[in-house]
Amino acid sequence: MKGKVDPMSARAVGIAGTPWRGKLREYDLFKELTVGVSVMVVLTVILALVLGSPDEPSVTLKSWANAQTADFAATATAELGGTSETAQYGPPYTNTKGATQTIGALDLQSLSGVQLPVNTANAFVLDPLATLPNQPTEIATWRAATKAEQAKWTDTYATALSKAPKSAPLNVKSGNYGPVPALIGDLTAMAQSGALDGVIQAQGNAYNLNYTNEILFLGDGQYFQNLAADQHLTGDQWGMMNETGGTPGQSWLWLFSFFYQIPPFSTAPNADLLVVGVMLILTLLLALVPFIPWLRRIPKWIPVHRLVWKDYYRKR
Amino acid sequence: MNTLLLAMGDSPGIYLGWGVFTIQLGNLIIILTMLALFGLALVLPFPGSGGRK
Amino acid sequence: MTQDERLDREPDVHTWTGRARVWMLKKLPPDKLLPEDQPSYVASWIYVFGMGAIGSLLIVIASGVILSLNGPNWYHISALGHFVNSLHLWSVELMFLTMVVHLWGKFWMASWRGGRALTWITGVGSFAVSIVAAFTGYLLQTNFDSQWIAFEGKDALNASGIGAWFNVSNLGQMFMWHVTLLPLAVGAIVVLHVVLVRMRGVVPPIDAAATDSQLTGVPATATEPTEAKVN
Ligand code: HEM
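If you read the sequences in order, they're chains A, B and C.
Reminder that position 159 of the first sequence reads as 159 in this note's numbering, one-by-one numbering, no gaps.
Reminder that position 22 of the second sequence reads as 22 in this note's numbering, one-by-one numbering, no gaps.
Reminder that position 35 of the third sequence reads as 35 in this note's numbering, one-by-one numbering, no gaps.
Hint data in this document are derived by calculation from the structure and do not stem from the laboratory.
Be careful, since some hints might not be right.
Unchecked claim - Straight-line C-alpha distance at most 27 Å; calculated DSSO-like pairs for lysine-lysine:
#1 62/A with 166/A
#2 31/A with 26/C
#3 152/A with 173/A
#4 300/A with 4/A
#5 152/A with 166/A
#6 31/A with 300/A
#7 97/A with 147/A
#8 310/A with 32/C
#9 163/A with 173/A
#10 27/C with 31/A
#11 31/A with 32/C
#12 152/A with 97/A
Said to hold, decoys possible - Examples of chain B residues lying across from chain C (beta carbon under 8 Å, computed):
#13 30
#14 33
#15 34
#16 38
#17 40
#18 41
#19 42
#20 46
No experiment lies behind these values; they were computed from the predicted model shown.
Beta carbons are placed, not taken as given, at the ideal position from N, Cα and C, and that holds for glycine.
Input sequences plus hints: build the corresponding full structure.
Right, dumping it as structure tokens:
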């Protein structure tokens, strides 16, 4: 412990490691605490009074199906056909093969398993329709069909929907879609009335605080995505930092958000895993600054401390 | 100054951008405020910093 | 006789309680916990930001407690509720603002020196845990913003295998994290951080030397050789 200890290290040696025996100045901890709290109270109250806080109303399946019926119908068709983003997400919702984000052999997503299983056809379309007082007979037709038939119906219907004028279900040319148009039509009507929100949300319980299904369904459509993009909230818009409106958001996430904007992350299929990994490493580096020689010497090379302790250095 | 402050209210957001860099004005104001406070804390003399004992 | 010597001689400390008391008083004697003076070099505005972060944290907690009285829907329908929500939001913004300036200050002062590594690490810990706490707060807004954050935020968590157990769309779960687990975590780590600061004393200037007038102006026995080992 003698001689060569790096004075910038965290070792408890030298003047920094012994109780201070030099000049003192008067200091009143409680007074500083009182002043500190008071200043912050005043600032907070002024900011809250002048600037308030945002509260953009939530969206529902009802508002979606009424505002953009075509988008709702197209999304519902994808949920029924199992082609939506959620239906092919992989763990923790589905066990779709090859859908996980990996780094080499590291596949934490698969390791965590399908803990929150979601079968979009059942959970978002068929089960809700089965709660209707007049259960559509098409549910039985659908369930009796083979997987191949079901896929053919939803595929051709999805294509026909996208080609129809304004993509409106009512404008779809007639074709061999099996029970799909009826199911989607009934579901759309159910959503427009507001009944679907209740059913998807309740999942057979009086109490439910879990919004996973509703949020996944909303997220599979364009409506929700576009609303978010209008407010600069999407990932490629630095949205992670942003709040709705003009209110500052989570600016402390700037670095996390930044990585998503630049290559290789911005184009990587496993961007989330990469960025999380990089942020973990950087946070660890920050925590371990006292033990990393080149990092802990930066404050010596760039002498900002000369300003902090200017009185001390002047009088030494 | 006042207009700047009010930009952080619950009004439509104002976004500034340079290439891949986009920042909401409210966030920018917060970040600039932090930098300014840091700079001021370094250069402003601390009152009563005369020694005792 | 110094306080330490007096404590070493305290008779009859064979119980856990007694030993704990002696240990605590030795590590953090009352005049160190609640000091009336500080080294003369503690004279810069940069030192006020830690206290600013504590002040804002207290307002965050107080406004959060008021919001808890009426539950998460209150602020959508009541003007008073909305105001308290604004207090909560802005005190959080101020807490991060002061905390980050504090972090910059402590970095450039290399405040981990002299056995203060754990103070630094608990500081980084406060920052990290506060970020998670704020994130869960955003998920509790029960408005469009929280819906979107739940949708967009899930991917990073799912990709790293956490989303299966920490489900951001599960309002009940996020609620509990935000109002119990994370405030306790932030509180505990900040208390530890501040107690460590008091235990170790404020770090002296970089390159402070025994020959500095601030140290030589006092009786010679008071100064220690620069490389003396302590603890
Ligand atoms: C909620 C967050 C935090 C609170 C409430 C807090 C509070 C405080 C207070 C009151 C002090 C003593 C006064 C001062 O120097 O300002 C202090 C000292 C310190 N803080 Fe923090 N802090 C927080 C976060 C951080 C962070 C993010 C870091 C760095 C990564 C950090 C590193 C330090 C260090 C190293 C000291 C010791 C300074 C010395 O010995 O001179 N703190 N903190």
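Hint by hint, here is what the structure shows:
1. 62/A with 166/A: holds, 20 Å
2. 31/A with 26/C: Judged against 27 Å, a Cα distance of about 26 Å means the pair holds.
3. 152/A with 173/A: Given that 27 Å is the threshold and the Cα spacing comes to 16 Å, the pair holds.
4. 300/A with 4/A: With a Cα-Cα distance of about 17 Å, the restraint between residue 300/A and residue 4/A holds, given a limit of 27 Å.
5. 152/A with 166/A: Distance of about 23 Å is within 27 Å: holds.
6. 31/A with 300/A: violated, 33 Å
7. 97/A with 147/A: holds, 18 Å
8. 310/A with 32/C: Holds, at about 25 Å.
9. 163/A with 173/A: holds, 9 Å
10. 27/C with 31/A: Holds, because 24 Å separates the two Cα atoms, which is no more than 27 Å.
11. 31/A with 32/C: Since the Cα atoms of residue 31/A and residue 32/C sit roughly 16 Å apart, the hinted pair holds (cutoff 27 Å).
12. 152/A with 97/A: holds, 21 Å
13. 30: holds, 6 Å
14. 33: holds, 7 Å
15. 34: holds, 5 Å
16. 38: holds, 5 Å
17. 40: Where the cut-off is 8 Å and the nearest Cβ of chain C is about 7 Å from residue 40/B, the hint holds.
18. 41: holds, 4 Å
19. 42: Check passed: Cβ of residue 42/B comes within 7 Å of chain C, closer than 8 Å.
20. 46: Check passed: Cβ of residue 46/B comes within 5 Å of chain C, closer than 8 Å.
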